[in-house]
Amino acid sequence: MSTYAKKKGFGATLWDFLTTVDHKKIAILYLITGGLFFVVGGLEAMFIRIQLAVPNNDFVSAGLYNEIITMHGTTMIFLAAMPLVFALMNAVMPLQIGARDVAFPFLNSLGFWLFFFGGTFLNLSWFMGGAPDAGWTSYASLALQSEGHGIDFYVLGLQISGLGTLIGGINFLVTIINMRTPGMTYMRMPLFTWSTFVVSALILFAFPPLTVGLTLMMFDRMFGANFFVTAAGGNTIIWEHLFWIFGHPEVYILILPAFGVFSELFATFSRKRLFGYSSMVFATVLIGFLGFMVWAHHMFTVGLGPIANAIFAVATMAIAVPTGIKIFNWIFTMWGGKVRFTTPMLYAVAFIPSFTMGGVTGIMNAAAPADYQYHDSYFVVAHFHYVIVGGVVLGLLAGITFYWPKMFGTMLNETLGKITFWFFLIGFHLTFFIQHFLGLLGMPRRVFTYQKDLGWETSNMISTVGAFLMAVGVLVMVYNIIITSIKNEKVGNDPWGDGRTLEWAISSPPPFYNFKQLPLVRGLDPYWIEKMEGKTEMTPAEPLGDIHMPNGSFLPVTISFGLFVAAFGALFHMDDKAWSIPVIIIGLLITFGSMLIRSVKDDHGFHIHKEDLMDNTDKGGKS
Amino acid sequence: MHAEEKFTDATWPASPEKATLEGKNKYLGFWLFLGGETVLFASLFATYLALKDKVPDDNMALAKDLFELPLTFIATMLLLTSSLTSVYAMYHMKNRDFKKMQSWLLVTVLLGAAFLGLEVYEFNHYVHEFGHTFTSSAFGSSFYTLVGFHGGHVAFGLMWIISLMVRNAKRGLNLYNAPKFYLASLYWHFIDVVWVFIFTVVYLMGMVG
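As you go down the protein sequences, you meet chains A and B in turn.
Per full-length UniProt numbering: the first sequence = residues 1 to 623.
Per full-length UniProt numbering: the second sequence = residues 1 to 209.
Calculated directly from the structure, the hints in this document are not laboratory data.
Backbone N, C-alpha and C define an ideal beta-carbon position, used for all residues, glycine too.
Some hints could be false.
Think about it this way: if two alpha-carbon atoms lie no more than 25 Å apart in a straight line, the pair counts; the simulated SDA-like pairs of lysine to any residue are [as the list claims (entries may be wrong)]:
{"hint": "1", "chain 1": "B", "residue 1": "K180", "chain 2": "A", "residue 2": "L596"}
{"hint": "2", "chain 1": "B", "residue 1": "K180", "chain 2": "A", "residue 2": "I177"}
{"hint": "3", "chain 1": "B", "residue 1": "K170", "chain 2": "A", "residue 2": "D602"}
{"hint": "4", "chain 1": "B", "residue 1": "K94", "chain 2": "A", "residue 2": "H604"}
Some chain A residues near chain B, calculated using beta-carbon distances under 7 Å [said to hold, decoys possible]:
{"hint": "5", "residue": "A103"}
{"hint": "6", "residue": "I170"}
{"hint": "7", "residue": "V174"}
{"hint": "8", "residue": "L204"}
{"hint": "9", "residue": "P208"}
{"hint": "10", "residue": "V212"}
{"hint": "11", "residue": "G224"}
{"hint": "12", "residue": "G233"}
{"hint": "13", "residue": "G234"}
{"hint": "14", "residue": "N235"}
{"hint": "15", "residue": "I238"}
{"hint": "16", "residue": "V600"}
{"hint": "17", "residue": "H604"}
From chain A, some residues computed to sit far from chain B (all C-beta separations above 10 Å) [said to hold, decoys possible]:
{"hint": "18", "residue": "P209"}
{"hint": "19", "residue": "H429"}
{"hint": "20", "residue": "L524"}
{"hint": "21", "residue": "A541"}
{"hint": "22", "residue": "F572"}
If we strip away everything but chain A, and leave its shape as in the complex, we get (with noise of 0.2 Å):
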């Protein structure tokens, strides 16, 4: 055992983290980072709710109003919802394809840290003279305006994380292509995988036109560059196609994760192949190719002619064609099937006709004419929180139920996990089915408050005690994780008792080289196949023999940090501080040198050998 025996205490386990290059803990680190971040953007969502309860009301000023809205936005897209679907992918997707890690652990490590540091300086602005205000989108033409450095700590807090957004995805793909265990084959793959897969294809190809906007703005705005500087020349209309070249991909990188989550729960809790596997595979796939036609429908009002809005209108309404495969298919999965309603369950079946509500209110925006009228008003607001938390919110919330004793060994409480269900679905429907209304009412979104007698107090009223409704529902999961963690149950591979794919065939949480022999696979579903024929564990597919594992490194912490350290120069660089340029050149300095001693330095990592795989009873690929 002396190659891999484990040290005990809290500084061990801190260090063993800032070290880590196990997929497993880095999933539990986006968990907990994209966690406390969730938290944080809901509380921002909770004061936008306080402060439009009733009319005329000042429990936030103007100014303050537009620093939340813009961090509530930024903040769940990109810090909350994306590290999440990080956690799950990270925590899932090796196990399922039946790899020891992933093709790049030391890559992804470094790209969870860029998130990380990247998440933090963003958030640092609060503290530092004022976050953001020119809204999660930073249209330029507001941007540029800005005072203060709120939109500076936008820039490059997203520059940073985004790189390691992008190296997490190079990092999935490479290992679904290469890291395949013998028999795993592409249409064998499960869902959760190939929309790993179809995502990770999406951040390679969304991800540099954002870096690309953000490094214009951060010219424009630090170094004098004059991109969206109509006097000189520049035109702001760059920065919003830019934006949405990224940011219409986003969304469909956010929520394909959530479908791949709901398809693996529907087979499992009906006890059934996922009806239509194919059709959902071909789904999955088309909705990633289209996600990057489709980006000019958040600009109809721009002005870029009919011809151009029908393009992309008839483009729009033509996603809604896979997306129907999907729903059909996960409707005839559960038809005749033997449902089980444990929570993710309940979630799955939420999710059904929340999503599609807003799918349909997206085929209304996505008429050109018709969105003239919706856009910049509250139906707008109500359509996308229907598709991000009623597909992906719910989908995370059910994914981290599912998975939690795969990545922890303990079992969350069911009963707990129905009141979580109950207060935060009802409270979902509560807060944005009657902003529809609001919306077609004439109330406009982002404006910080509004007069009485325009018919607008009863319905924003509910509104916000849905949100508390939800609150209470977060809350209560809090409670169930940390009573859970207390107790600390320990289950055993497959606790939810209907595993049908190969993440159950090992122990919770599996041992670090994850399988101690690689499984053979025999068909879809592979560990349904041998449970059916009787079998308690998955046949092997090489005889046992040493396992070759990567070193764990504190370089990705390095090389994050000098770009944070260098982002603080960047930043104060425009008030003409004289500090700035060297504060720049020591971070990349840090960076860059960190990246020399990573090459420099031979990494051959190391050998479990045969000999301590045998002594161990508790073997991977056993059931």
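Got chain A sorted already, so can you dock chain B onto it with the hints?
Only chain B this time, still in chain A's reference frame:
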């Protein structure tokens, strides 16, 4: 095959960059990364085309006033040749001829550095002769950003190849560093391809107005 194995000329694999799992992963991952880089440059090209000749004052220099064929032609030839010499280097890498590989990489680096020198001269020329700067107009911002991003890539590529040459100077080739050399040369080709587009879209199309 694994990274620490010892080889003779006879046992050296045909594609050493892909002989190990790590090599295979790096090879694929880097191609995907180049896919992302392509989108990055596509966005910069789109921005440049949208802002080309967009200046606040009619007296300011436009693309047709700035660019001269001889200088950019020489720069193009230098970079294209350096791509060819990096192919020679990879040819010798596959034949396990370390010394020849290093020599051709050195030629590549020298050509790349000469290209970069010309670019610095060119930018300097625009700034001092025409007052065409990064902050003078939207045209200036987009021109220096697109061409400068490429120049930054060239500089990074040079550092990368030099680091690899110095680091491995004493120990020769193995399956651990073969993928590293290969990826650096892939990166170098990518830079070259981007330049072909810059030469066409920025310089040739710029000169015809």
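Checked hints:
no. : hint            : verdict
1   : B:K180 / A:L596 : holds (13 Å)
2   : B:K180 / A:I177 : holds (20 Å)
3   : B:K170 / A:D602 : holds (14 Å)
4   : B:K94 / A:H604  : holds (22 Å)
5   : A103            : holds (4 Å)
6   : I170            : holds (5 Å)
7   : V174            : holds (4 Å)
8   : L204            : holds (5 Å)
9   : P208            : holds (4 Å)
10  : V212            : holds (4 Å)
11  : G224            : holds (4 Å)
12  : G233            : holds (3 Å)
13  : G234            : holds (4 Å)
14  : N235            : holds (6 Å)
15  : I238            : holds (6 Å)
16  : V600            : holds (5 Å)
17  : H604            : holds (6 Å)
18  : P209            : violated (5 Å)
19  : H429            : holds (38 Å)
20  : L524            : holds (25 Å)
21  : A541            : holds (15 Å)
22  : F572            : holds (19 Å)
Violated hints amount to a single one, hint 18; each of the other numbered hints is respected by the structure.
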